[in-house]
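K.L.:
Here are the chains, one letter per residue:
Protein chains: 2
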Amino acid sequence: MPDRKDARHLHDLFQVPPGRTLDICLKIHGAILEHRLAPGTKLSEDEVGEIYGASRTVVRAALQALAHTGLVTIEKNRGAFVAKPSIREAHEIFEARALIEPRVARMTAKSITEKDLDRLQAHIDAEHQALHDGDMGKALFLSGAFHTTIADIADQQVLARMVRSLISRSSLIIAMYWQRADTACESHSHHALMKAFAEHDSDAAEDIQKSHLIDLHSGLNLVEVRQQHDSLKDILRTG
Amino acid sequence: MPDRKDARHLHDLFQVPPGRTLDICLKIHGAILEHRLAPGTKLSEDEVGEIYGASRTVVRAALQALAHTGLVTIEKNRGAFVAKPSIREAHEIFEARALIEPRVARMTAKSITEKDLDRLQAHIDAEHQALHDGDMGKALFLSGAFHTTIADIADQQVLARMVRSLISRSSLIIAMYWQRADTACESHSHHALMKAFAEHDSDAAEDIQKSHLIDLHSGLNLVEVRQQHDSLKDILRTG
DNA sequence: TGCACATTTATTGTATACAATTTAGATTGT
DNA sequence: ACAATCTAAATTGTATACAATAAATGTGCA
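In order, the protein sequence lines correspond to chains A and B. Quick note, the first sequence lines up with residues 0 to 238 if you use numbering that gives the first Met the number 0. Quick note, the second sequence lines up with residues 0 to 238 if you use numbering that gives the first Met the number 0.
Everything labelled a hint here was simulated from the structure, so no lab data went into it. Hints may be right or wrong, so weigh each one.
Put simply, identical chains are the same to the list, so a pair is met inside one copy or across any two.
[Claimed, not checked] Listed below are the simulated DSBU-like cross-link pairs for lysine-lysine, each with C-alpha atoms no more than 30 angstroms apart in a straight line:
hint: 1; residue 1: Lys209; residue 2: Lys114
hint: 2; residue 1: Lys137; residue 2: Lys26
hint: 3; residue 1: Lys114; residue 2: Lys75
hint: 4; residue 1: Lys83; residue 2: Lys109
hint: 5; residue 1: Lys109; residue 2: Lys75
hint: 6; residue 1: Lys41; residue 2: Lys83
hint: 7; residue 1: Lys194; residue 2: Lys109
hint: 8; residue 1: Lys83; residue 2: Lys209
hint: 9; residue 1: Lys26; residue 2: Lys75
hint: 10; residue 1: Lys41; residue 2: Lys114
Since the structure is predicted, the reported quantities are computational estimates derived from the model, not experimental observations.
Kindly generate the complete structure, drawing on both the sequences and the hints.
P.N.:
Right, dumping it as structure tokens:
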């Protein structure tokens, strides 16, 4: 799914030597972003290693890199799990995004080219297509990719890396706390942003991105978590 | 050097299981922050492992964690080196700090307690003492610690982690590009910040932190690089 | 039945051995 | 003397084996 350019940027995110380790990072990262891996899922070293035909040494390095990015939690002597961001962490992450991404959008508006605009438009189109196909996971993945691509265009490596990490974690938060059925609300903001970019309107880009993120934040139902453990009992009892 | 509380926060920074791996991270981290390890120094796995009596497996994990934080660069089939931030990276890092830290200072001013103020004052005092003793490395370390402690007090884990990483990398930048002989310029800002904190003046704290960071940024001579090499064993053994 | 404790099992933590790759030095030819 | 090439040493990449730890199971007793 992620094209070659994304892979290079993701390599920066994970900071692991290229090769199998990076491959595994990318695969798990993608699975989490597309919501194929639920928060809390255990990632056993043996299991992952068997799936990708790699030894535990390599898998371990990948899991540690993912832990550093905040997508995975490693508990001593217990293993690695897909992270389950707390409500508090969720607030912090979206507040951080609201601080950083508007600034990045401002920079992007200044330096964006026609070619970059096409790239972003392609993301939007692909997202619409995915929504039309009913592939929610892919749509969400592409929605995040839109944001990371903006950071790439701004060509600010330090901020881009922070943004990438925050967006990946946001994907977990959305998996846990999203309440609205429609993701269509985003489309409008993304389009407005495109317009500001096309006109190189830095102020507008910054403002739009800021309110877009505040919208996203408020669209979360950051109140309670559903527990999967109890449900097992309920399910078996009724059966 | 780092007290127990710092160690807990640093554990969050590196995201490695506690134990030898974390120890090695902390030792190398400290050596870099105190400028005992120069940018570009090679960190051979065997050599580091021998110094700390750990196997390469553990050392590798530590080096990868440090690479993730941006303090170390790993080149495929070549090994790990203390990072040498480029001029461009240096600009980006200080711009990122100027974006994030003022916001953090604002939060800190709101929630700071008497005890926290004492903690910060202790940092300032220790820094003066180190300067008086002529221990430049320690003084710089403590100057950074002042900033990270502010982030800890704000009690924003997500932002605090970013700040910690940025400050650690700043230490490398200062090692490479610092031109002024006096670090005294900082003392004034730190004192002004303390006053704002004591009065819970959020606006002032934000402003002071912002101009403080701009000062630091402009105090760098981001033009050329010098290089030097020392024996790993001599530098790390004392830590 | 319920609880405490011992045992078994499974999984991670660590060390070590081997393979792949790079680097440095020596050798050779011009 | 200089350059190119090849060989050997050193270093990293990877796999695997063993040790340590935590969870799960089973047992005995009140």
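K.L.:
Is it within, between, both, or neither for Lys26 and Lys75, if the alpha carbons may be no more than 30 angstroms apart?
P.N.:
both (24 angstroms within a copy, 21 angstroms between copies)
K.L.:
How do Lys109 and Lys75 come out at 30 angstroms by Cα distance, when the copy is not named: within, between, both, or neither?
P.N.:
neither (46 angstroms within a copy, 35 angstroms between copies)
K.L.:
How would you label the pair Lys41, Lys114 (within, between, both, or neither) given a Cα cut-off of 30 angstroms?
P.N.:
neither (41 angstroms within a copy, 40 angstroms between copies)
K.L.:
One pair to classify: Lys137 and Lys26, alpha carbons no more than 30 angstroms apart. Within, between, both, or neither?
P.N.:
within (14 angstroms within a copy, 43 angstroms between copies)
K.L.:
Up to 30 angstroms between alpha-carbons, please classify Lys114 paired with Lys75: within, between, both or neither.
P.N.:
Classified as neither; 47 angstroms inside a copy, 32 angstroms across copies.
K.L.:
Is it within, between, both, or neither for Lys83 and Lys209, if the alpha carbons may be no more than 30 angstroms apart?
P.N.:
within (25 angstroms within a copy, 34 angstroms between copies)
K.L.:
Have a look at Lys83 and Lys109 and pick one of within, between, both or neither, based on CA distance no larger than 30 angstroms.
P.N.:
Between copies only: 29 angstroms across, 37 angstroms inside.
K.L.:
For Lys194 and Lys109, with the copy left unspecified, which applies at a CA distance of at most 30 angstroms: within, between, both, or neither?
P.N.:
within (13 angstroms within a copy, 38 angstroms between copies)
K.L.:
Quick one: Lys209 to Lys114, C-alpha cut-off 30 angstroms, is that within a copy, between copies, both, or neither?
P.N.:
The answer is within: 24 angstroms in one copy meets 30 angstroms, while 35 angstroms across copies does not.
K.L.:
Can you tell me if Lys41 and Lys83 fall within 30 angstroms by alpha carbon in one copy, between copies, both or neither?
P.N.:
Within one copy, since 11 angstroms is at most 30 angstroms while 37 angstroms is not.
Violated hints, listed in ascending order, are 3, 5, 10; each of the other numbered hints is respected by the structure.
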